[in-house]
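These protein sequence lines map, in sequence, to chains A, B and C.
Residue numbers for the first sequence follow numbering that gives the first Met the number 0, beginning at 0 and rising by one.
Residue numbers for the second sequence follow numbering that gives the first Met the number 0, beginning at 0 and rising by one.
Residue numbers for the third sequence follow numbering that gives the first Met the number 0, beginning at 0 and rising by one.
By construction, these hints were calculated from the structure, which means they are not laboratory data.
A few of these clues could be false.
Stated by the list, open to error - Distance condition first, Cα-Cα at most 20 Å in a straight line; then the derived SDA-like pairs of lysine to any residue:
#1 K13(C) x L115(C)
#2 K39(A) x L7(B)
#3 K13(C) x I1(C)
#4 K39(A) x N31(B)
#5 K54(A) x P8(B)
#6 K39(A) x L222(B)
#7 K54(A) x L207(B)
#8 K39(A) x S1(B)
#9 K54(A) x R211(B)
#10 K39(A) x R211(B)
#11 K39(A) x L207(B)
#12 K54(A) x R38(A)
#13 K54(A) x L222(B)
#14 K54(A) x R218(B)
#15 K39(A) x L23(A)
#16 K13(C) x M88(C)
#17 K39(A) x A132(B)
#18 K54(A) x G4(B)
#19 K39(A) x M228(B)
#20 K54(A) x L7(B)
#21 K39(A) x R218(B)
#22 K13(C) x G2(C)
#23 K13(C) x P104(C)
#24 K54(A) x W192(B)
#25 K54(A) x M0(B)
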Amino acid sequence: MTPFIFPDLGPYAVEVLSAYAGTLALLLILVAGSVWQGRKTRIRLEEFEARSTGKRQKSTENL
Amino acid sequence: MSLSGAVLPWVTALAVAMVVGGLIWGFFFTPNDFRQGATVKIIYIHVPAAIMGSGTWFMMLAASLVWVIRRHHVSALAAKAAAPVGMVFTLIGLFTGAVWGQPMWGTWWEWDPRLTAFLILFLFYLGYMALWAAVENPDTAADLTAVLCLVGTVFAVISRYAILFWNQGLHQGASLSMDAEENVADVFAYPLWICIIGFGLLFICLVLLRTRTEIRARRLSALIAQERMA
Amino acid sequence: MIGLLIRDLRLAVKAGGGFGLALAFFLIVSVLVPFGIGPETGLLREVSGGVLWLGALLACLLSLDRIFALDWEDGSLELLATSPLPLEMVAITKSAAHWITTGLPLALVAPLLGLLLNLPEDGFLWLVISLLVGTPALSAIGTFGAALTVGMRRGGLLLSLLVLPLYVPSLLFGSMVVSNGASGEAVGTPLALLAAISLGSLAILPFASASVLRVNLR
Chain A
0 MTPFIFPDLG PYAVEVLSAY AGTLALLLIL VAGSVWQGRK TRIRLEEFEA RSTGKRQKST
60 ENL
Chain B
0 MSLSGAVLPW VTALAVAMVV GGLIWGFFFT PNDFRQGATV KIIYIHVPAA IMGSGTWFMM
60 LAASLVWVIR RHHVSALAAK AAAPVGMVFT LIGLFTGAVW GQPMWGTWWE WDPRLTAFLI
120 LFLFYLGYMA LWAAVENPDT AADLTAVLCL VGTVFAVISR YAILFWNQGL HQGASLSMDA
180 EENVADVFAY PLWICIIGFG LLFICLVLLR TRTEIRARRL SALIAQERMA
Chain C
0 MIGLLIRDLR LAVKAGGGFG LALAFFLIVS VLVPFGIGPE TGLLREVSGG VLWLGALLAC
60 LLSLDRIFAL DWEDGSLELL ATSPLPLEMV AITKSAAHWI TTGLPLALVA PLLGLLLNLP
120 EDGFLWLVIS LLVGTPALSA IGTFGAALTV GMRRGGLLLS LLVLPLYVPS LLFGSMVVSN
180 GASGEAVGTP LALLAAISLG SLAILPFASA SVLRVNLR
């Protein structure tokens with residue numbers, strides 16, 4: 000395996016690293032936000048559907 | 000929904016692999032540029048983000064057209080879902096461009112045609128998202144935002160040429176075109192293409208995910224409304 | 000259609016109609032600019048063309064929500080929609096009324112404000128011409144934005160966010176005409192493009208405005 004060396008960023012270390020850091024942060028916010036929103040909606044929908052099927056079952060029970 | 004559900008994990012895995020792989024390759028295993036030093040490493044995020052920033056708008060345009068013509072609910076929701084993704088990509092493009100530009104051009108910002116057009120695109124995304132948020136009825140919102148997207152695209156194209164006329168720029172010419180002399184050297188090009196494709200896949204996976212969320216949300220509000228009326 | 004136009008013009012000019020407000024705003028902004036950037040004559044000469052265009056644009060922007068708001072509130076917009084007059088014609092008439100009460104007066108008043116901002120002599124003619132040619136686009140685009148946001152509470156801010164990016168080409172070419180004209184450079188191309196944008200907007204946007212109005216009136 001080639002020996003691993005951290006690249007020499009020269010005088011531009013701050014710029015390069017902050018560009019990568021900022022990008023990763025923004026992408027993380029986007030992805031995490033999307034996943035969280037998706038999960039929340041899915042759970043709410045499932046709960047709602049369970050509740051309404053539950054109600055329908057209950058109401059036919061007493062007939 | 001079932002198709003997108005089956006496809007999503009694969010697209011996600013592939014997207015993550017390519018983005019991470021491409022960035023690692025680009026960051027750790029490519030040399031510095033003769034003129035630009037290590038800042039050339041920013042290209043691996045800046046260019047893919049910029050491409051996806053504009054690409055997303057075109058996808059939204061297509062989806063809006065499908066909605067206007069065929070009234071396929073999924074297309075309207077897909078456009079709505081894609082907007083924040085495009086906005087973030089555009090923001091990344093602007094941000095990385097500024098950080099790259101500062102050491103290279105001596106300035107955080109220049110009213111160069113490409114940057115300016117990109118900034119306007121960012122504003123278009125904001126307006127589009129704001130309109131979706133401001134209208135309660137989802138079908139009305141879909142109609143209004145679709146027309147806005149269409150009109151906005153026309154003006155975006157006009158603006159592009161107006162801005163070019165207004166200020167001949169200092170942004171680099173096309174570096175990835177098939178024939179230009181300004182081509183990026185191969186050693187940079189390979190990881191760059193991987194990042195571009197990776198970002199494209201990331202876009203697809205995020206839009207799939209978000210559209211599924213929108214569909215579920217729609218179903219939920221329809222059910223709630225139904226229950227209220229029963 | 001003429002009846003609609005005259006009615007709108009009359010409404011705009013009446014007290015509270017907002018006719019004078021756009022002009023007053025234009026004046027105030029022009030006065031404020033030197034307070035913001037300093038009174039140095041050389042600097043003002045440089046920026047006056049663009050600043051005046053910007054002021055006119057903002058003054059137009061402020062009067063946009065009035066295009067449909069009053070009719071929406073008292074139900075006359077629905078009447079207009081069901082009348083034999085096509086909604087596209089209604090939109091164009093509204094744009095025309097807006098222009099006559101906003102763009103046109105602004106263009107005529109601009110030279111006076113040019114004096115305040117040390118506009119170079121050669122610039123005055125081009126200022127008026129560019130505003131006369133360019134403000135119809137602002138009215139047509141603004142009508143579209145107003146149609147999108149009609150009936151929204153606090154729609155004003157959203158209206159600005161939607162419309163201002165669409166104003167960019169007109170602003171670019173309009174101020175180019177003035178600055179080129181003032182410095183003696185060629186004015187033909189930006190003026191032609193400015194006119195093209197105005198004509199194109201007037202030709203196409205009424206259709207977009209009408210379809211959006213129909214959506215909002217559902």
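Against the structure, the hints come out as follows:
Of the pairs offered as hints, the one joining K13(C) and L115(C) is violated, with about 29 Å between alpha carbons and a cut-off of 20 Å exceeded. Of the supplied pair hints, the one linking K39(A) and L7(B) holds, its CA atoms being roughly 18 Å apart against a limit of 20 Å. A distance of roughly 18 Å separates the Cα atoms of K13(C) and I1(C); the hinted pair therefore holds under the 20 Å criterion. Straight-line distance between C-alpha atoms of K39(A) and N31(B) comes to about 44 Å, which puts the hinted pair past the 20 Å bound.
Annotation: proposed proximity of K54(A) to P8(B) is violated, straight-line Cα distance about 34 Å (limit 20 Å). Annotation: proposed proximity of K39(A) to L222(B) holds, straight-line Cα distance about 16 Å (limit 20 Å). For the hint linking K54(A) to L207(B), the alpha-carbon distance of about 32 Å lies beyond 20 Å, and the restraint is violated. A threshold of 20 Å between alpha carbons decides the hint, and for K39(A) with S1(B) the separation of about 19 Å falls inside it, so the pair holds.
Distance hint between K54(A) and R211(B) is unfulfilled; the C-alpha atoms sit about 26 Å from each other, more than 20 Å. Restraint check: the Cα-Cα separation between K39(A) and R211(B) comes to about 12 Å, which is no more than 20 Å; the hinted pair holds. As the CA atoms of K39(A) and L207(B) are separated by approximately 16 Å, the hinted pair is consistent with the 20 Å bound. Simply put, K54(A) and R38(A) have alpha-carbon atoms about 24 Å apart, too far for the 20 Å limit, and the pair is violated.
Restraint check for K54(A) and L222(B): the C-alpha separation of about 14 Å stays at or below 20 Å, so the hint holds. Using a Cα cut-off of 20 Å, the hinted pair K54(A) and R218(B) holds, with the two alpha carbons roughly 18 Å apart. Taking the CA atoms of K39(A) and L23(A), the gap is about 24 Å. The hint is violated against a cut of 20 Å. Under the criterion of a C-alpha separation no larger than 20 Å, the hint pairing K13(C) with M88(C) is inconsistent with the structure, at around 24 Å.
Taking the CA atoms of K39(A) and A132(B), the gap is about 19 Å. The hint holds against a cut of 20 Å. Restraint check for K54(A) and G4(B): not satisfied, since their Cα atoms lie roughly 29 Å apart, outside the 20 Å limit. The straight-line distance between the Cα atoms of K39(A) and M228(B) is roughly 25 Å, outside the 20 Å bound, and the hint therefore fails. Simply put, K54(A) and L7(B) have alpha-carbon atoms about 33 Å apart, too far for the 20 Å limit, and the pair is violated.
Between the alpha carbons of K39(A) and R218(B) the distance comes to roughly 14 Å, so the proposed pair stays at or under 20 Å and holds. A distance of roughly 17 Å separates the Cα atoms of K13(C) and G2(C); the hinted pair therefore holds under the 20 Å criterion. Simply put, K13(C) and P104(C) have alpha-carbon atoms about 16 Å apart, close enough for the 20 Å limit, and the pair holds. Simply put, K54(A) and W192(B) have alpha-carbon atoms about 54 Å apart, too far for the 20 Å limit, and the pair is violated.
Our distance criterion of 20 Å between C-alpha atoms is broken by K54(A) and M0(B), whose separation comes to about 26 Å.
Hint compliance for this structure: hints 1, 4, 5, 7, 9, 12, 15, 16, 18, 19, 20, 24, 25 are broken, all remaining hints hold.
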